[in-house]
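Number of protein chains: 2
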Amino acid sequence: MSTRRRGEELERAILHAAADELRESGYTGMTMDRVAARAGTNKNAIYRRWPHRAALGIAAYRHLSDAAMPNPDTGTLRGDALEMLRQANQTWSSPHGTILRGLLAAAADDPELLTLMRERSGADTMDRAWLGMLERAAARGEAPAAAAHHRVATTPIMLLRAEYAMRGIPSVPDEVLVEIVDEVFLPLVRGRG
Amino acid sequence: MSTRRRGEELERAILHAAADELRESGYTGMTMDRVAARAGTNKNAIYRRWPHRAALGIAAYRHLSDAAMPNPDTGTLRGDALEMLRQANQTWSSPHGTILRGLLAAAADDPELLTLMRERSGADTMDRAWLGMLERAAARGEAPAAAAHHRVATTPIMLLRAEYAMRGIPSVPDEVLVEIVDEVFLPLVRGRG
DNA sequence: CCCTATAGGGTACGTCCAGTACCCTACAAG
DNA sequence: CTTGTAGGGTACTGGACGTACCCTATAGGG
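Each protein sequence line maps, in turn, to chains A and B.
The first sequence lines up with residues 1 to 193 when you count with our numbering.
The second sequence lines up with residues 1001 to 1193 when you count with our numbering.
Bear in mind the hints are in silico, worked out from the structure with no lab data behind them.
Think of the CB as a built atom: it goes at the ideal place given N, C-alpha and C, for glycine as much as any other residue.
Don't take every hint at face value.
Partial list, computed: chain B residues near chain A (C-beta under 10 Å) [stated by the list, open to error]:
id: 1; residue: T1098
id: 2; residue: I1157
id: 3; residue: L1188
With these hints in hand, go ahead and build the complete structure from the sequences.
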């Protein structure tokens, strides 16, 4: 039995420990000492791999979440949109989401970290899914072709995200999602005829 | 000459010092020791008034910004909306905005602080201004009456805010504002007929 | 099969900062 | 004049990031 772990193996152990800490205490509560202790190693091994806490946080988050992108096809634009929003809301209000929000807050004044985050969080994939949804609706004749526009596609998610930023914390109620779809998204699509 | 300041006077001095620190170093860089030193006092006097750093930060921000709410009347809905967005963008990209964003980031995981911030930042006033704008447009016959809806009114600002959260930092280019108005806000208003 | 460079481990710091504890002193109000 | 309260000085606790050193296992080449 090799008593001393190295390379890959040790790295996985650290990431695993960091992810656990994230889950339990959020990014704010994740301390380097605790991560090291939990991984059964010490801070040296960590700092040899990541330059600072934030980098470790992001890496650990990535390690812990490989979110599958939903791609609903309910037959109606309204159904698809609601489904997408509900999925997003569920993700954001889950423990993962809480962690993600903590990371985003920490990265708010550091552009370098922000870009790291954007890459990791699959925001672009999300946008493409919405765009595809609009195109399918247009093909069905349910929406004008002009509705398949980047700004239109990103609006609902943006609104959801802003809703999270406004209220303090987890879980935007379902009524809000319905409102976003019925009072904003669908009228908007309709208005682009 | 009274050598020892008290009450009101001392409080103003502290807030002034804190505001200066905010300007120079942002919220993240504002330390209690420095504020105390700059105000020519010590941390006791501060902690007797505010329970923690965040509270002082918010109070100081408020002390430094008494933003007047614009209420443009250009004659067209498009003109008004653009003007409002440009105003907001200017505020948010100014030093004040940078500070405000820092505070928001710090308050992200503390609901109590978030509500404090919302009160201080005049978000509600802003919403009412947008609603009034829509009502005037409806009265002119430029928009359907159904467009004067809370969600519609808050959408452009929400989108702007989300834009700030996405990109790292200061100043969203004017094209984006125009896009928000032309590709989202106006079609949305139109679509609510 | 040994040798050595490299990566891990242990541990102790340096530094910064929030928040607290005490104790002394000016001064306002009675 | 007395006294209670708010300011001032200062030191300290505790937590956390990041760094410095030094020892040791071990992988991989000669």
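(message) Hint I1157(B) vs chain A: min CB-CB distance below 10 Å?
(response) 8 Å, holds
(message) Please check whether L1188(B) passes as an interface residue: C-beta within 10 Å of a C-beta belonging to chain A.
(response) 4 Å, holds
(request) Would you check whether T1098(B) satisfies its interface hint, that is, whether its CB is within less than 10 Å of any CB in chain A? (result) 8 Å, holds
Figure legend: structure checked against the earlier numbered hints; every hint is met.
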